[in-house]
Structures are given as structure tokens and as C-alpha cells.
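Under my numbering, residues 861 to 1049 are what the sequence shown spells out, in order.
Some hints here could point you the wrong way.
Claimed, not checked - Label-pair restraints from in silico Cβ distances: (1) V873 x D957: 42 to 48 Å; (2) V871 x N1009: 21 to 27 Å; (3) R887 x D965: 40 to 46 Å.
Unchecked claim - When the alpha-carbon atoms are kept at most 27 Å apart in a straight line, the in silico DSS-like pairs for lysine-lysine are as follows: (4) K895 x K917; (5) K886 x K910; (6) K917 x K886; (7) K997 x K949; (8) K949 x K886.
Bear in mind the hints are in silico, worked out from the structure with no lab data behind them.
Every residue gets a Cβ at the ideal spot worked out from N, C-alpha and C, and that includes glycine.
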Amino acid sequence: QVSAGLHGVGVSVVNALSEQLSLEIKRDGQTHTQKYSKGKPLTSLEITGKCETTGTKITFIPDPTIFSELNFGYDVLSNRLRELSFLNKGLRIHIHDERSGSDNDFYYEGGIVSFLKHLSENKKVLHPEPIYIHREKEDGLLELALIYNDGYSEEVFTYVNNVNTRDGGTHLSGFRSALTRTINSYAVQ
């Protein structure tokens, strides 16, 4: 539902920096493919078959004339793709490392609730199900999941458009302010 990071141009940058890039798009009952080299199309977008599923597969080989070192950290990529799968409920992501044969499939129907449960696996939670809020308006979407455990320190993960805002931001300070105000108001009653 949202793009991350580069104002929606991420795949364009990957394409421009790739010796080869192949797209396979499954949509509206048809499979479409297109191949690129160094950002330029080698083929037009072609219908190559029928399908019953939807999805996009991107395969690329980085351009060795641009990158002096082509050593991608599988664990780093795999962890980020897992995170994206958690953040986008129902999104299935597959990563395959042709160097080592390592494979991972990520699919979390519960989205950020599944993420919270994953993060809480080795903790004693104080309530069995996370508090979950989902709101959509014309100009945006809010998803929030919250769980308390018996630990002494807080762990807060905030994201905007699938990008981790490690240092927080107005969305986090506004939430904290509203939560504190609500709890204080409830305590006074």
C-alpha cells in the first residue's frame, strides 16, 4: 500500500545499477515479463502466460562495473525482507541466495500483531493479545500494536511508509502525549 525510502523510485535505482534485471508481474489473470540491462529495456512488457495468483518477482544482478564489491549480506537482506513482510499484512516475500542456496519465505497474515508476537517470544507478556488499532482516512493509514511485558525497559519500533524511524518523530511524541493524557484522565476518574 505504501512505498518506502526513495519516494517510490527504489526499483528504478536498482534497475539502473544492475547488469541484468528481470520483472515478472502476475495480475488480472496474466503473467507479464520484461528484461532490462543497465536501466534500459531489452524487451517490451510481454504477456507470457496465464495465472491465478498475483504478485511481482524481481531478479537482478548488480553491475560489476559500478560496484567494486558485490558481497550482499544475506542475513541483513533477509531480516529487512522479514520486517517488510510483517509491516505489510498478507505480503509474501521469498529470498534466495544463489551463492549459498539459502532460502527464506516470509508471510505474516497478522501483520504488525505477528511482528509484536515475534518480538515478544522470549518475554513474559502481561496480556495474551496485543492491543491493535487500525484506522484509515483519505490522507493516510494508521496501524498500532502495543503489548506490555514484565521487563524494565521499553522497546519502541516506529515506521513511516515502511521505513524504521529509529529516532521517533512527531508521530511517536504525539502518541506518547495522547496515551499519557488518556491514562491520567482515567486515573483521576
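- If you check each hint against the structure, which ones fail? 1, 2 and 3
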